[in-house]
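Participant: Hey, can you work out the whole structure from these sequences and the hints?
Those sequence lines, one after another, are chains A and B. Residue numbering for the first sequence follows this note's numbering, beginning at 6 and increasing consecutively. Residue numbering for the second sequence follows this note's numbering, beginning at 6 and increasing consecutively.
It should be emphasised that the hints constitute simulated quantities derived from the structure, not laboratory data. Quantities reported herein were computed from a predicted structural model and do not represent experimental measurements. Accuracy of the hints is not assured; some may be wrong.
Chain copies aren't distinguished; within one or between two, either way the pair holds.
Taking lysine-lysine and the PhoX-like style, the derived pairs with C-alpha atoms no more than 25 Å apart in a straight line are [to be verified]: (1) Lys240 with Lys95; (2) Lys144 with Lys95; (3) Lys144 with Lys240; (4) Lys143 with Lys95; (5) Lys143 with Lys240; (6) Lys43 with Lys199; (7) Lys199 with Lys52.
There are 2 protein chains.
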Amino acid sequence: MKVMNVKNIKMIIEYKGTRYSGWQRQTNAPTVQGEIEKVLYKVTGQKISVNGSSRTDAGVHACGKCINFRADISIPVERLPFALNAHLPKDIAVIDAQLAHIDFHSRYHAKGKKYVYNIYNRRFPSPIHMDYCWHVAKKLDVQRMREAAQYIIGSHDFGAFKSTGASNPSDVRTVYTIEFIENDDMISMEISGKSFLYNMVRIIMGTLVDVGLGKKNPEEIKDIILSKDRKNAGKTAPANGLMLKEVYY
Amino acid sequence: MKVMNVKNIKMIIEYKGTRYSGWQRQTNAPTVQGEIEKVLYKVTGQKISVNGSSRTDAGVHACGKCINFRADISIPVERLPFALNAHLPKDIAVIDAQLAHIDFHSRYHAKGKKYVYNIYNRRFPSPIHMDYCWHVAKKLDVQRMREAAQYIIGSHDFGAFKSTGASNPSDVRTVYTIEFIENDDMISMEISGKSFLYNMVRIIMGTLVDVGLGKKNPEEIKDIILSKDRKNAGKTAPANGLMLKEVYY
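Facilitator: Below, the structure written as structure tokens:
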């Protein structure tokens, strides 16, 4: 009789989301979860289902996403990244693997997440940065965006900042920090929080860009939040500018 | 009788070289020059031949490449980037256009060029950076690479640092500066010089990586240069890490 020895394995993955219909497994479209499970099957011979710390949308990237899975596999955990990367497409890579407590769950146990949203802010688009940045041609006033961001930090009902149709028991979320980093023509917004509503980071970005363009005043953010009405916030910024950077436990 | 009014137009272009067989027009392969001339024909109705400041190889990128062409066109020069970008593929963009003196030639009049070569230096490859970086898995000692670079700066016969087969009246070239910039796992070498031999920047990079890995001593660079023998230098670093950053006039 074979004794089962189930391990819980926690991995950090990085991917370029451009070619994928998001994270979550789908029957008829390439997804990051689908690719990883396919390769786990190839390497271990087992049908393994992986848990992701967040379900990124089509076109969204990740450089520090935590995932986990439980399985009785013989390959040593430190060899796992090499074994999986050898079969994964070049736009997905495992960059760390460790044994975790058997109860650990990458989504349920996440204490917070950090995303970065990149904007390329100059008159003409940048072919070099096109896969990872939203091109905004008109000059942004980043100082105004920083002011506006102060109203977003904290715990609020973010109903105005979620895609219509998404329903949750509560729309209250807590944003820990928002920082803007300028580097030549690139403007990066780093935002961390406990968790986010569907499309929340992209709608915050779209709204802050309206502030940076002078279409909205920084103080208006207060009223937009209070209204809980999606129509009052800005547009959903494009997926390609968004990257999941880190998950905290 | 129509009076000819030939202008000399100088443009700055940016491109992601991944999909192209280099800069120079070819009959049976997509090239950056070929795409630009095709779009110039579409926009002006004229067969225009453009001069590039350098012939980048397949897979090499550019973010500040100067090109020029002479033609009698009616479209105002300041509208040209918009008109061309509307038709160019997303991985090529015109980011500036100006009238130049009728004699100006983007290649013959270049006083110098700056290239940047990017390395991603960590154990596992980075999907996010894969198109623009050479992945070097073993830890590099950048301080050793900086020491070695001091022997390259200046005027030398760089015969050891050109691809075999390439023949020039003289292999003497002048390297102005080499700087290494470290940013997390990314190591960027910025190198400027009057002009470079075929594959010279990539062979310098390959050789300095040997120094950074401890396979060569910094002082050996002196002997490699003196030998004028390609076999003594390191391998040619991959094309995707190289970017033409700026051309000086």
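Participant: Tell me the numbers of any earlier hints that the structure contravenes, in ascending order.
Facilitator: Violated: hints 6 and 7.
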